[in-house]
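Student: Kindly produce the complete structure, drawing on both the sequences and the hints.
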Amino acid sequence: MTHAQGTLASYRAEAEERGVALSRVFLDGEARQSGKRPEVLEALMLDRMNVMRQAVARGLAKPQHSRSGLIRGDAARMDRWIEGGGSLLGPAFSRLVAAALSVAEVNACMGRIVASPTAGACGVLPAALFRVAEEKGCGDEALVRAFFTAGGIGLVIEKLASLSGAEGGCQAEVGSASAMAAGALVELMGGTPVQVDHAVAFALANVMGLICDPVKGLVEVPCVKRNAMGAVNAAACAEMALAGMESVFAADAVIETMGKVGRRIPEEYRETARGGLAVLPLSGCESCGQGNFCS
Amino acid sequence: MGIFDIIGPVMVGPSSSHTAGAVRIGAFARKLLGEEPASAVLGLHGSFAATGEGHGTPLALLAGLLGMDPDDEGIPAAREIALERGLDFRFEDVDLGDVHPNSVRLQLASGGTELTVSASSVGGGRIRVFDIDGFQVDLDGVYPTVLLAYPDRAGAVAMVTTILSNAGMNIATLKAHRTSRGGQALMAVELDHTPTAGVLNALRHLPHMDQVRFVPRLGFGG
Numbered sequence: 001m002t003h004a005q006g007t008l009a010s011y012r013a014e015a016e017e018r019g020v021a022l023s024r025v026f027l028d029g030e031a032r033q034s035g036k037r038p039e040v041l042e043a044l045m046l047d048r049m050n051v052m053r054q055a056v057a058r059g060l061a062k063p064q065h066s067r068s069g070l071i072r073g074d075a076a077r078m079d080r081w082i083e084g085g086g087s088l089l090g091p092a093f094s095r096l097v098a099a100a101l102s103v104a105e106v107n108a109c110m111g112r113i114v115a116s117p118t119a120g121a122c123g124v125l126p127a128a129l130f131r132v133a134e135e136k137g138c139g140d141e142a143l144v145r146a147f148f149t150a151g152g153i154g155l156v157i158e159k160l161a162s163l164s165g166a167e168g169g170c171q172a173e174v175g176s177a178s179a180m181a182a183g184a185l186v187e188l189m190g191g192t193p194v195q196v197d198h199a200v201a202f203a204l205a206n207v208m209g210l211i212c213d214p215v216k217g218l219v220e221v222p223c224v225k226r227n228a229m230g231a232v233n234a235a236a237c238a239e240m241a242l243a244g245m246e247s248v249f250a251a252d253a254v255i256e257t258m259g260k261v262g263r264r265i266p267e268e269y270r271e272t273a274r275g276g277l278a279v280l281p282l283s284g285c286e287s288c289g290q291g292n293f294c295s
Numbered sequence: 001m002g003i004f005d006i007i008g009p010v011m012v013g014p015s016s017s018h019t020a021g022a023v024r025i026g027a028f029a030r031k032l033l034g035e036e037p038a039s040a041v042l043g044l045h046g047s048f049a050a051t052g053e054g055h056g057t058p059l060a061l062l063a064g065l066l067g068m069d070p071d072d073e074g075i076p077a078a079r080e081i082a083l084e085r086g087l088d089f090r091f092e093d094v095d096l097g098d099v100h101p102n103s104v105r106l107q108l109a110s111g112g113t114e115l116t117v118s119a120s121s122v123g124g125g126r127i128r129v130f131d132i133d134g135f136q137v138d139l140d141g142v143y144p145t146v147l148l149a150y151p152d153r154a155g156a157v158a159m160v161t162t163i164l165s166n167a168g169m170n171i172a173t174l175k176a177h178r179t180s181r182g183g184q185a186l187m188a189v190e191l192d193h194t195p196t197a198g199v200l201n202a203l204r205h206l207p208h209m210d211q212v213r214f215v216p217r218l219g220f221g222g
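These protein sequence lines are chains A and G, in that order. Throughout the first sequence, residue numbering follows our numbering, covering 1 to 295 in sequence. Throughout the second sequence, residue numbering follows our numbering, covering 1 to 222 in sequence.
Simulated from the structure, these hints should not be mistaken for lab results. A virtual CB, placed ideally from N, CA and C, is assigned to each residue, including glycine. Fair warning: there could be bad hints in the mix.
[As the list claims (entries may be wrong)] Listed next, with one range per pair, are the computed distances between beta-carbon atoms:
| id | chain 1 | residue 1 | chain 2 | residue 2 | range |
| --- | --- | --- | --- | --- | --- |
| 1 | A | Ala4 | G | Asp138 | 42 to 52 Å |
| 2 | G | Ile171 | A | Gly35 | 16 to 26 Å |
| 3 | A | Ala13 | G | Thr113 | 55 to 65 Å |
| 4 | A | Ala92 | G | Ala167 | 30 to 40 Å |
| 5 | A | Asp140 | G | Met159 | 49 to 59 Å |
| 6 | A | Glu246 | G | Asp93 | 50 to 60 Å |
| 7 | G | Val142 | A | Glu39 | 21 to 31 Å |
| 8 | G | Asp93 | A | Met208 | 49 to 59 Å |
| 9 | G | Gly34 | A | Leu89 | 57 to 67 Å |
| 10 | A | Gly84 | G | Glu35 | 29 to 39 Å |
[What the hints assert, rightly or not] Some chain A residues near chain G, calculated using beta-carbon distances under 7 Å:
| id | residue |
| --- | --- |
| 11 | Gln33 |
| 12 | Val51 |
| 13 | Ser68 |
| 14 | Gly111 |
| 15 | Ser116 |
| 16 | Ala119 |
| 17 | Gly151 |
| 18 | Gly209 |
| 19 | Ile211 |
| 20 | Val215 |
[Said to hold, decoys possible] Calculated Cβ distances over 12 Å to all of chain G for the following chain A residues:
| id | residue |
| --- | --- |
| 21 | Ala4 |
| 22 | Arg263 |
| 23 | Ile265 |
Tutor: Have a look at this one:
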């Protein structure tokens, strides 16, 4: 396995050598590159977290309806279901699902979000990180660090593979967001850089080959619900790594493989809306009452 | 590429290419025009035409023309705001040829000035302006940019760079284009820093300079 600059292994080696968390390595790297002080960068990250928080709250408080009619307030619906005691695995799990739906719906409905790493995958990180932090009582300082870890993992994926659905399918968008969130959750919960590596490898391995098939070319169906899947996957993979489970592949190798698989996914399954769910006839039109749903 | 390109930009959804990039194209054109356009014909090409409506691309282009940033929550209301302000706008589907699938041609008018700008949204909200009034250019809005129109003649580049050099301004890129030898020319200069009004004024007073336009660095929200 390569330890070339820009791989997760190279960042991990630096973290272990300095005896610091991965987030510190990523933050210092960003400070060097941008010429800005770490405190300034941390404040900027907090600003972005607050935009994400507003997006989580917005879709839960008010049903979001998109111009196409494909998005019809499912996050708010999920929130009411949880409030009514309907949660299958307890409210913490269901709220994570609801938060991911909420941010992705706000995005689909032209609300303000943080693309992380893309707009289509913007629900994964806020859902996974905010909900676990809330459940475990982590403060903003720890969360800011976790977001630097997430961003750093994203940089590695961008370098070794791709973050674009058009280039690599949905595995490169929601899958990358999920891997970023999984690694960040491990650090948030006090895991080691090696455990971060395992979580990233688990998360990407779980979505290997996931196609990008946006109905009508819009990031609505199936994208919004895949954000929920990405957040759940991140939590599951972080938990596996924290429990001591080890990936048989290094994260860098899984990332590179994701990139290779993405390049071999036929073009009709890479954001062109010419395959997969994108060409399936829509059902339930009579009852939807949303005008242009079928147009 | 840095961490804040990954955790960012802050933008109004749903698409960094179709929405955020479209706002920035509109904003570039407005700044190049120098004021709010009175009329605009917006020609949508490729994927901008095919999936633009659902992505709010027409709203995003109008929002940029109205002076909004990619994270402005007024973007979904851009059509109403444009009508309120009396902007006479029209959308059409166009074929701009072998260009990026997310491309648009903006034909703007304001007072006595007319301007045609063609640009592509190339991913992550980044843009590439490839045509200004029929001159082939290659600009991305990342740098403060000066555009100078003049009759092609010897020494024009030297006169411009002398003024910039005397003002201590570093040039990132400089490219001059012309219709033909001795014809009409357009010079595009990307700078590291924003030029003062004095520098722009000195450029405007150069002999034979028809027009000097300035586009400040484009914002990207949050």
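Student: Evaluate the given range 55 to 65 Å for the C-beta pair formed by Ala13 of chain A and Thr113 of chain G.
Tutor: At 58 Å between Cβs, range holds.
Student: Should the interface hint for Gly111 of chain A be scored as holding, given a Cβ-Cβ cut-off of 7 Å against chain G?
Tutor: Because about 6 Å separates Gly111 of chain A from the closest Cβ in chain G, which is inside the 7 Å limit, the hint holds.
Student: Taking the Cβ atom of Asp140 of chain A and the Cβ atom of Met159 of chain G, is their distance within the range 49 to 59 Å?
Tutor: About 54 Å separates the Cβ atoms of Asp140 of chain A and Met159 of chain G, which means 49 to 59 Å holds.
Student: Taking 21 to 31 Å as the stated bounds, is the beta-carbon spacing between Val142 of chain G and Glu39 of chain A within them?
Tutor: Cβ of Val142 of chain G to Cβ of Glu39 of chain A: about 26 Å, so the range 21 to 31 Å holds.
Student: Per the stated criterion, does the least C-beta distance between Ile265 of chain A and chain G lie above 12 Å, as a non-interface residue requires?
Tutor: holds (18 Å)
Student: At 12 Å, judged by beta carbons, does Arg263 of chain A keep clear of chain G as stated?
Tutor: Given that every Cβ of chain G is farther than 12 Å from that of Arg263 of chain A, nearest at about 17 Å, it holds.
Student: Taking the closest Cβ pair, is Val51 of chain A under 7 Å from chain G?
Tutor: With a minimum Cβ separation of about 5 Å from chain G (threshold 7 Å), the hint on Val51 of chain A holds.
Student: Does the Cβ distance between Ala92 of chain A and Ala167 of chain G fall inside 30 to 40 Å?
Tutor: violated (60 Å)
Student: In this structure, is the beta-carbon distance linking Ile171 of chain G and Gly35 of chain A contained in 16 to 26 Å?
Tutor: holds (21 Å)
Student: Can you verify the interface hint for Ala119 of chain A: is its Cβ closer than 7 Å to any Cβ in chain G?
Tutor: Interface hint status for Ala119 of chain A: holds (5 Å vs cutoff 7 Å).
Student: Take the C-beta atom of Gly84 of chain A and the C-beta atom of Glu35 of chain G, compute their distance, and say whether it sits inside 29 to 39 Å.
Tutor: At roughly 55 Å between Cβ atoms, Glu35 of chain G and Gly84 of chain A fall outside 29 to 39 Å, so the hint is violated.
Student: Is the interface hint satisfied for Ser116 of chain A? The criterion is a beta-carbon contact with chain G at less than 7 Å.
Tutor: holds (5 Å)
Hint check: violations occur at hints 1, 4, 8, 10, 18, 19 and 20; the rest are consistent with the structure.
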